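Student: The listed protein sequences derive, respectively, from chains E and Z.
Take the first sequence: its letter number 204 is residue 1501 in our numbering, and every next letter is one higher.
Take the second sequence: its letter number 123 is residue 151 in our numbering, and every next letter is one higher.
Think of the hints as simulated: they come from the structure by calculation, not from any bench.
Here the structure is a predicted model, which means the values were calculated and not measured.
Check the hints yourself; a few may be wrong.
[As the list claims (entries may be wrong)] Counterexamples of contact, computed for chain Z against chain E with all Cβ distances above 10 Å:
| no. | residue |
| --- | --- |
| 1 | Thr613 |
| 2 | Lys665 |
| 3 | Val787 |
[To be verified] Derived DSSO-like pairs: lysine-lysine, alpha-carbon spacing no greater than 27 Å straight-line:
| no. | chain 1 | residue 1 | chain 2 | residue 2 |
| --- | --- | --- | --- | --- |
| 4 | E | Lys1320 | Z | Lys665 |
| 5 | Z | Lys382 | E | Lys1320 |
| 6 | Z | Lys292 | Z | Lys412 |
| 7 | Z | Lys584 | Z | Lys412 |
The beta-carbon is built from N, C-alpha and C at its ideal position, and this holds for glycine as well.
Listed below are the residues making up each chain.
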Amino acid sequence: MKLKTIKIAALALLLSGSFAACKKDSLFQEPTDAISDADAYSTAARIDKAAIGMYDALQNANYFSGRILIYADQRGLDATPSTYFGTMGSFTTLTSSDGTVASAWQGAYRTIYTANLFLKSYAANKGLLTQAKADQYEGEAKFIRAICYWYLVNLWSQDYNFTADASHPGVPLVLDASDEPFSSSNNLPRATVKQVYAQMETDLLDAEAKLPLTSSDAFTKVARATKGAARAMLTRLYLYKGDYAKTVTYADAVINSNLYSLNADPKTTFTDPYTSNESIFSVAMSGGDNPNTNNSLGQHYGTNPGRGDISVTSDYVALMNTATDKRYLNLIKQYQGSYWTTKYSGLTTDFVPVVRYAEVLLNKAEALARMATGVDATALALVQQVRSRSNGGLLVVTTKQELIDAIIKEKRIELAFEGFGITEFNRLHLDLPAHGIVNAIPYGSNLRVFPLPKYDMDKNPNLVQNPGY
Amino acid sequence: MRRFLMLMLGMLLLSSQLLAQTRTITGKVTDASGAPIAGASVQIKGTSVGTVTSTDGSYTISVPANAKSLVFSGADLEQREISIGSQNSISVSMQSNEKSMQEVVVVGYGTKSVREVTGSIAKVGGDKIANEPVSSFSQALAGKTAGVQVNLSTGLLADRTAIRIRGVNSISSSSQPLVVIDGVPAFSGNLNGFNGGNGTRFDPLSLINPNDIESVEVLKDAGAAAIYGSRASNGVLLITTKKGKKGTMQVSFDSKTSWATATKLPSLLNGDEFIAISNEKTTNRWGVSNPSFATPAKNSDINGDGANDRTNWNDLLYRTGLMTDNSVAFRGGADKISVYGSLRYLNQEGITLKNKIQSGQARLNLDVTPKTWFKAGLQMTYSKTLNNGVLSDSYVTGTTVSGWMAPPTVSVYNPANITGYNLTSAGLLSLGNNTPLQPGGGSLLPSTAYYYNVLAALNLNRNDNTATDTRINVYGELTPIKGLKLTSRFGTVYISNFEDQYNSPYIAGLGVPYGGLVQDQEQNNNLWNWQNYASYDKMIGGGHKISVTAGTEYQKRTFRYYYVGANNFSDPFFKDIIDGAYTNTLPGSSTILNLTGGDNSSNGFISYFGRLGYSYAGKYFVEGSFRRDGYSAFGKKNQFGNFPGVSAGWEATRESFFPKTTWLDYLKIRGGWGKTGNSAGLGNYASRTLYSGAAYTSLTGLGISQAGNASLQWESSEKTNIGFDANFLKNKVSLTADYFSTNINNLILAAPILYTVGVPGSSISTNIGGMTNKGLELTLNVTPVSTRDFNWTTSLNYTTITNKVTGLVPQNGNADITSGVQVASVGKAIGTYKLPVWAGVDRATGNPMWYSGTGAIKMWDFATQKWLDDKGQQTTALSSTSDYVYLDGKTGLPKWYGGWDNTFTFQDFDLNVNIIYQGGNYILNSTKAGMLTNFFSNNFSEIKNRWTTPGQITEVPKLWASDNTANQSSTRFLEKGDFARVRTITLGYNLNRSLLNKWGLSRVRVYAQAFNPFTITKYSGLDPDVNYNSFSNIAIGTDNRATPPMKTMTVGVNVTF
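So that you can see chain E by itself, here it is in the shape it has in the complex (with noise of 0.2 Å):
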């Protein structure tokens, strides 16, 4: 009987002791096929990756896949508008429910939420990284999150000189990746187009402060954001805002770095490897980052192969002097009876523009000619030095107004496709002709801007819909 306690306490024991081997961390792993978000910044090597993971996000197929470009010149005059991207084309029956508006506003606020989200998580990690480390990746953020908000503004609301002190609404400013995404904190309302762009600005100069001026890579010099990259983005940003002066000062400091040159030929810049001295900042895509093919330049404007979604109007087309300039030669074919740009045929690999040398030699030019009083013989040069690139003739002008107008006309032979179409339009104060199937629209329409979502009105009281929808 004493034996048979003994054997039952001991099996008794055995027992409770592998009880206690049983933790709870063991059985409640933490998660093998994703990091979870208390280690994803832990390291230096994965704040890095988790950098490179903004840029991944910047590839967002309906926005800075190159989608959001498509938009802008869907309203242009250049691209012929498709119905493969809803009725944005057609102005008249777009409604806040239409879902391309809706996807390329979701993909540009979750762009911000990963560069917001980078900036907040990074910043409790700060002492992993070495301070060049450090300025770089929030450089980085902040201009992912000033690109972003350049199309929002540009094409959700009237452009900064509607108003004359620009407090016509403009976007929400998510500057902070919400914790609580249920709460009604998050029921931004509207900032003006005025705050918006001074966040841009702010974004943008503390960006060119922090990142690095270049980088031996070519890949990187282009693909990831340097103060080339911010400043070229800033000659923008002052020429839409009318303060030239600024505009001057930011494409000297980009053409004084020597960093950045003319290609010979145009089409360069969009061929293979994509990464000429041309490039200042594109979004890099590879046939790996197109999961949906459906949505990448070359699948739109592409055609033989390619969707071809998207053919060039004859209105572009006549712009030019086809017998020379190789902007029609190089990058203009004709397919079935329609004109087809050949900046994208790479189907799903071509990178996505964001800023380029010549629209800096450009906004310069523009900037010049109008603080000048008469003709302005270096904005003169500037332009012609980009019109002699492709052999489009030598440029005569005798006024000031008609060298403002030469280089409006020089912009959108040469930008075009690449995500200016109605942009310039609103900021020149410009009525939209009547083309295709399109009626005109004079500047100042309610109609030359995109709807807020529907999914967003409905759940955020704060908001106010733009005029019209």
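Given the coordinates of chain E, work out where chain Z should sit on it, guided by the hints.
Tutor: Below, chain Z without anything else, positioned relative to chain E:
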């Protein structure tokens, strides 16, 4: 309750004092083996005076002089009446009560006598399950017990089976019950991974040998199931496998052979009809202005036999599937050991060509009792199964898509093709002389991917799954003192599936474009589960019985899969991944394709559970159970949940004050309430904020892929159950009735978040929705005839259920959640149809008509391609927002269902007839809608009823090429799903005992069985019981091209030595 009992007791004592006390009788109550019975009731007949036996079985009672006899009764005991006479000492030996009452049921972490059960538990015997020639035991539960509804997805072998216990209990999560085999949770779901697992679905429950099952207990209410905590909301199936029986040693051999055909195949147009109908479609549309497009359907002679090709695709794709199922089992036990072992080889052909399962299964269950205080044992099973799957619904190459739609006027074969099949260079079926073109260059085909030569695809492609299933449980049980048991059980489950898909370079889809493609995927499921619990049963003097169970359970499951692929083979000879035989580039390209991938994840449970039962005098039963469940997938703030359950029973017929009648033998009233959870289908890391790989061209990065919800928890379900069990007429009739009410809250739904917040997917899984299920279950068992030679037992069960959605996503204005044309909508039953109402075919024009939301006619005018109102004026198109209406009360879920089982025995013959039925549901016959297409396609022969002449009354509109407006989902295709089906008719003959003795056999039975021989239904589709969407909580009821189930004839023999 306890107080109530004390009060009752007091009253009893009080009343006894009022009687004259003349004499004291003492004695002892023992069972058949002489062991004392505690808590038995001893009562003076005709009075309420009585006592109960103490722990040693003894009693003392004072009886008045006029007392005639004493009545002895107790739980599970047959009542005895002993006349007092002049005795002063009366000791009785009591027998266990009639058979059904001594039955034991398996409950969570233990067993219980049926009489003590207070929750709602149904038991299905293993023989009922092994009786049916189905590919998973779960399918055999159909109609067997109240409250359980079973639907197949398709008639393909081992396809998933939807089991719904007391209705649908979720919207976005799974409604499948928890399946526990010998105490260890099993996997259910799908072993298949390619094509989102939707290629050749493979139910892991089909890997279990149904012959090994002793019983299946269905825990339906919270009283029974709450001990399974966060996984119990959908009910629990407790599978118990067979054990050895002491004192016997038997070897039995089972062999059956069966022949299966489809219950029903669609009626398709023959070649001549196809040509006429196809050309009428185009003539109606283009005949006058474009004669060259009027006759796209033409005769061809592709096989070169000199005659016009005619192909009946159904004849080629469907067959009589042969099944042979042989198993041997041994079962027995000696003093300290008992053993059960089995071996089975199954070779089953499906009704679809190439669909086949070959499975070898082995089991060993061993129990040893080396000491009186120590018992141990193990259950081991291993099986290996090859499942030759076929693609059917949802694939253009599927047997029920291209197989039904391909023109019957082209040959399957073409001797000139390298494969011998009729194929184009793109790998599609060549349409020969047919010219399916429309003016302007478009095609009359549904898309450029049509049609596949399904016979060629079945023969040249491959969709194989090879699963191995290993389960090993080991347990030890200590009994240190009487009544106390300490149990430790460790179980492991390892299921792997190797999926092997091959696409021939001659077949379109993944074949031709890839130059041949092999894709292999290995999936590994690992689970270990460790339970330690103590149970203690104690009789306390005065009829009090206490039983306590308390323990812990730990579980971990890991899941890993990886896939590899090879394509562009140097020769079609190579059909596997062979070094050097492929390039992994697209033909003509030098870019290497990445065909590898995988995932690895895990989850864990930490649980504490307990149960406290108390009964008094075999009349009053109270039980409380509790589980505290921690699950790693829940949010960190809510990782642990508490799940209580209480239930009580009162055996009224035991009360002395209960009027004694000759017709009522037994009445027990039960009631229970509890809280359970549902976590089925929740992703392992659903609550987490996650960073996944995020590449920027060739730079590797990390990016947020999911915003978590640290509060994410189980879907909670409050279950109330009230019922009774009653036996009548000398236990010849028994009736069980239960009313249940389930109140579900915290349904996990994707709550939308402002786009401007920017989280991935703009939604987060959140506990928000609510739903209720209420219903009634009735089970009636009757033995109408019971004689020496002839016996008839019959069992009928009936369940009725109503569902109501009470809440969805408030952040989204409680907007409907839609799946197909069915919705979850607040205030309505889940799965309510929302469709435009069909107004018939306009007699004058043959145009289709519907009612608008306001009840006006909207007609689609084929000729002008415009919508017209009843005055012929143009109107707006049918709108999903204004013209689709809720069809209140019409859902895909049956409102009532059940089964009726009859067994007759006459001398050595036995006959069983089993019938299942269900109804109150509606089926959207999308199969028919698709097969009445106006594309260049074969059609269901119903299309011959099309409108042709003004004034004609028909439901099939005028034909109009390439225009399927008329075939859109509407009430035109909504049908009642009511049916009654003879599930099995089994006739058996048992060899006469005298012969058996002569031959030294203990049993020989030969039988013949018809399975699914006939069905009574008004549903015009293939089968009202089989539904492509059976797994969907909302879209259940929308059928689309499901392969029909099997109708099987079986002969079998069972020999026991």
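Student: Please go over all the hints and tell whether each is borne out by the structure.
Tutor: To see whether the hints hold, each was checked on the structure:
no., hint, in the structure
1, Thr613, "holds (13 Å)"
2, Lys665, "holds (13 Å)"
3, Val787, "violated (5 Å)"
4, E:Lys1320 with Z:Lys665, "holds (19 Å)"
5, Z:Lys382 with E:Lys1320, "violated (49 Å)"
6, Z:Lys292 with Z:Lys412, "violated (32 Å)"
7, Z:Lys584 with Z:Lys412, "holds (24 Å)"
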